[in-house]
Amino acid sequence: MTIHPVILWTDALIFALLAAVLVLVWLIRRQEHLRAPWRVVAQRPMAMGAALVLGVFVSIGLLDSLHYRAQLPDSPADAPQYSVEVLSVFDALVDGLRARQEKTYSAPLAMQLYAKEFVQRDGVTVRDSSRLQHGGAHLAQADARLPDITRRALAGAAQGALASLLVFAGLAVWQARRMQTSPGAWLAAWRGGRLDWPARTVVLMVATMLMLGGVMMQLAAGYHVFGTDKVGQDVLYISLKSIRTGLVIGTLTTLVTLPLAIGFGIAAGYFRGWVDDVIQYVYTVLNSIPGVLLIAAAVLIVQVYIESNPDIFDTAAARADIRLLALCLIMGVTSWTGLARLLRGESLKLRTLDYVEAARAFGVSNARIISRHIFPNVFHLVLIAIVLDFSGLVLAEAVLSYIGVGVDPAMYSWGNMINGARLELAREPVVWWQLGAAFAFMFTLVLAANLFADGVRDAFDPRLGGRR
Amino acid sequence: MKPLLEVRDLVTDIGPARVVDGVSFHVAAGETYALLGESGCGKSMTALSLMRLLPDGGRVSSGAVELGGENVLGLPERDMRRVRGGQMAMIFQEPMLALNPVIKVGEQIGEALALHQNLGGQAAREAARGLLDAVGVPDAVRRLDTYPFELSGGLRQRVMIAMALAGQPRLLIADEPTTALDVTIQAQVLDVLRRLKTERQMGMLLITHDLGVVAENADRVGVMYAGELVEEGGRDTFFASPQHPYSRMLFDALPRPGDGGRLTTIPGQVPPLDGSLVGCRFARRCPFAIARCRDESPDWQTINDQRVRCHLAGTLPARIEREVTAQTTARAAKALLQVEGLKVHFPIRRGLIQRTVGHVRAVDDVALSIQAGRTLALVGESGCGKTTVGKALLRLVEPTAGSIVLGGETITAKNASTLRRQAQMVFQDPFSSLNPRMRVADILLEGMDALGVGAAGERRDAVAQLLNRVGLPDDAGGRYPHAFSGGQRQRIAIARALAVSPRLVICDEPTSALDVSVQAQILNLLKDLQDSLGLAYLFITHNLSVVDYLAHDVAVMYLGRIVEHGAAVAVLRAPRHPYTLALVSAVPRIEAQTGPGIIRLAGDQPSPLNPPDGCHFNPRCPYASEVCRQTYPGQTDLGNGHWVRCHWVAGQV
Ligand SMILES: Nc1ncnc2c1ncn2[C@@H]1O[C@H](COP(=O)(O)OP(=O)(O)O)[C@@H](O)[C@H]1O
Ligand code: SF4
Ligand code: SF4
Ligand SMILES: [Mg+2]
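From first to last, the protein sequence lines are chains A and B.
For the first sequence, full-length UniProt numbering begins at 1 and goes up steadily by one.
For the second sequence, full-length UniProt numbering begins at 1 and goes up steadily by one.
What the hints contain is simulated information worked out from the structure, not anything from laboratory work.
You may find that some hints are simply not true.
Heads up, simulated DSSO-like pairs for lysine-lysine below, C-alpha to C-alpha not over 30 Å straight-line [unchecked claim]:
(1) A:K349 / B:K414
(2) A:K103 / A:K230
(3) A:K230 / A:K116
(4) B:K343 / A:K349
(5) B:K414 / B:K334
(6) B:K527 / B:K334
(7) A:K116 / A:K103
(8) B:K414 / B:K343
(9) B:K104 / A:K349
FRET-style restraints, in silico, Cβ to Cβ [as the list claims (entries may be wrong)]:
(10) A:M46 / B:G69: 45 to 53 Å
(11) A:R35 / B:A455: 29 to 37 Å
(12) A:M46 / B:L97: 27 to 35 Å
(13) B:R294 / A:V40: 32 to 40 Å
Everything numeric in this text was worked out from a predicted model, so none of it was measured.
We put the beta carbon where it would ideally sit given N, CA and C, even for glycine.
Using the sequences and the accompanying hints, generate a full structural model.
Structure below.
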């Protein structure tokens, strides 16, 4: 079966961003003064643990950004026709989750539908909840469910533990070879916490995640771990698919913010005078308009544009994607003011420093002074702002989608999940698992991002780290 | 009699570093004990250990501190709060960091009074006023209702002292109390401290790196080096015959009046304190070191009433007083830099539409001239406009009026790049004058690239030569500024200025942020460069002993104008203007100074926003008369290029 790769706008931008980050990492590794604070970050157990969690999220997001359209099974080989449904590599990996659709709501790890209905049983119509098509379908008897779940959970945990042991052994051998000691000596150093990186925390974190992953995989093979939603979609699948949306919002928005904030902030602080007046005026005005109004207006305009030009966007995915991109753009445009203000203040201070005066005494041009003297010295602020803003943006998406001006309603996102939960919570009996799952995933991502941001800020903030 | 403060074998660690190692000394009531040494030797950490106010990660590992017979280190934190302020109080170098900027002065003193003397309301206000009077704050009642930032540095330091006195402490610890102040203000504050100590019979622990301050204030002196006390003795014996090689070198590094020769420098730096130090800690910098010094840490030896930690104590050769060579006063014919009528007025804008409501006359009609290969020193209190003159010459600030002729060419906005190749600047603070994110080589290349000096291919070689010339290692180019000490950074800054081969270098207080031993290195370097490259210097400073050492001519500036100008020997040895007289006599000196010319100035320099009518100096001048309050004095020539602006001197001539 052949496939037809699809590159959505956000995919392209995400991979461009990834490339930029890799280049940046390469640059940082070559510059001692840039590398030193990162080494401090790498020595913080909390930050490293958080980085691992973030790494898992980012990997899922990246896999979910490699899109394609599969060939229709009955299309001829010489003139292949492709499905209108856009899938991703991640979908292919968790194909089971995606395909195992039920009729409607079912609770986590259930084997029956949530609501009772009239079913024909042995020729008699009774009111009962019918069995699920996939969840627990392998069980004959209802009372075999609990033992089965326990068995699967234990097996998953054991597999995870085994995998982590293997990883750990590999790590020990590799590290021991690098440090030219025996693996035994490395192990002793590891246990004593005498390594120059938080190896104990990292190993513990990896083991926990592997075991959690093992349990999940075992359970997901036979059940819907987080239940199913109104149309019978697996909630775990929806939550995982929402990761990409969250990441896109959190990163691409920053991509829009940065040039605006850096350009305007530094220009205002460095040039002062009328440039400063104009820029300050702009961001004061922008700040005094409620951001939600601007966002709602922009999203509506984009929606109208999409609907009046159906031929440009050939798939539903492309339509949802362009709306996501528009959301990132408009959120970026409304949120650069805070960082710009910070950079303006810092540039005001830097421009009076003696090394800037010295450069002016040589007649060095303004552009050069900004790029060599001002920007490198405010870079740490930019970095801190990026990591701190990330979690704020992820949360903002949820709020915006909840009030209906966020991403496309058909797009998987935590905001849409929460939006849907509004009605589910009003049902009797209450359907709580969509909200719960969205909450758990968002909480994990935001907590990890914040812990990581704390580590970065501690390492980069000169007030905390002493003179560098 | 038991001393007031007794410190025995104090050991303090901060993380892995042992910053104070086995320090013992005592201070009697009514006595001033001075701790002397380069920065980073552990003086401040000793003081903070006594107060138990160590930074995070710091702790006193062993030793005893007894204040009036009470073991301070054994007290619970609750009782310690009573001791701090009540028994011993501390004042710091930078009072602004110790005062709360958003609380009025009177309230802050009142808080201390409430805590230690249970005073409140009107009684506290009265007491606070009394304290401000005691520390010599003029107009005390009004000052009670001002915020700290409204006060000048000298007044803030006095408020700080008043707060320290609120608890009626028996021991006052002063950590570099006047380092951040001008000489005239320093003299005022030290006078206050001396008087209070006698009146209240307090013990005083004075921490300083300035030998002059020690000479004028201390009763006994302890010298610290790398966390250890290395010498201790009475002031008179210490100054007559310092015994430890380190103390002697501190003396030799001081520039002396009329001394044209090279200064003795102390090579190297204070060793890092976190390694295991074997042998004498000074061995690596000591010219007398013998093999034993490197293995065995010297023990205390007593010579008369002095104690020294040196294997060779008492056997070192007697100190040779340096030869004093008179400055040559030969004059080159033509001026390299000629400045006439230079004015820099900064507009003050207020209100919504930023209307100009007045001008700060930072520089008001200044004329200068410097010949090639010579040094003109520009001296005056901070805020008098010295730095602005320097920046205006380089057009870092636009002059309001005046003409600048450099090498026969009048400098305008158009030919500024000629100027930039001919004149460069070295800044005061070597920590803020180098971009921490740039490698040293890139810092040095910046000027060459911008001005297109030399062929692009040869610039890298030029960098190596420059580094060599200012005495830095060859591999310095590849490193970042933070890898260098203050003195080395200042060398980098000098190399940067030299990179474009200027003929005039404006040095803005290049040594005021450095220790004396390092200052000596930099001054020597500047002198060597002048000799070999024929540089002219405009040397901006408030340190008159440095001027003595380096300058050929001196211009004294007060509130934007030059009030006295002449050859260095004439101006410093026989000053005529009352302000110069006051400046010269305010410098703390090692040699006792006597003579009729001593003037102690009252009050602060007025604001250049609103200078006094007539002679700007008249509110502080002891010789002011009616005419001084009405007209600005004209120039009175005293011959040999020496002139002053003063009615009093004019009347004498
Ligand atoms: N907060 C701190 N943390 C770690 N080391 C410090 C700290 N403050 C000072 N030190 C170290 O303590 C030593 C003594 O410093 P200090 O007492 O300030 O010297 P001085 O007062 O003589 O200039 C130095 O090596 C300095 O680097
Ligand atoms: S003990 Fe030796 S190295 Fe130390 S100061 Fe004395 S002579 Fe110099
Ligand atoms: S002119 Fe008058 S006020 Fe000014 S310095 Fe001379 S005597 Fe003093
Ligand atoms: Mg100190």
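Hint by hint, here is what the structure shows:
Of the pairs offered as hints, the one joining K349 of chain A and K414 of chain B holds, with about 28 Å between alpha carbons and a cut-off of 30 Å not exceeded. With a C-alpha separation of about 8 Å, the suggested pairing of K103 of chain A with K230 of chain A holds against the 30 Å cut-off. As the CA atoms of K230 of chain A and K116 of chain A are separated by approximately 14 Å, the hinted pair is consistent with the 30 Å bound. Taken as a hint, the K343 of chain B and K349 of chain A pair is honoured in the structure, with Cα atoms around 26 Å apart against an allowance of 30 Å.
The hinted pair formed by K414 of chain B and K334 of chain B meets the criterion: a straight-line CA distance of about 24 Å does not exceed 30 Å. For a cut-off of 30 Å, the pair hint linking K527 of chain B to K334 of chain B stands: about 21 Å separates their Cα positions. Restraint check for K116 of chain A and K103 of chain A: satisfied, since their Cα atoms lie roughly 12 Å apart, inside the 30 Å limit. Taken as a hint, the K414 of chain B and K343 of chain B pair is honoured in the structure, with Cα atoms around 19 Å apart against an allowance of 30 Å.
Between the alpha carbons of K104 of chain B and K349 of chain A the distance comes to roughly 27 Å, so the proposed pair stays at or under 30 Å and holds. For the hinted restraint 45 to 53 Å between M46 of chain A and G69 of chain B, the CB-CB distance of approximately 48 Å keeps it satisfied. Distance hint check: the CB atoms of R35 of chain A and A455 of chain B are about 34 Å apart, consistent with the given range 29 to 37 Å. Between M46 of chain A and L97 of chain B the Cβ separation comes to about 31 Å, which falls inside the hinted range of 27 to 35 Å.
About 36 Å separates the C-beta atoms of R294 of chain B and V40 of chain A, a value consistent with the hinted range of 32 to 40 Å.
Of the numbered hints given earlier, the model fails none.
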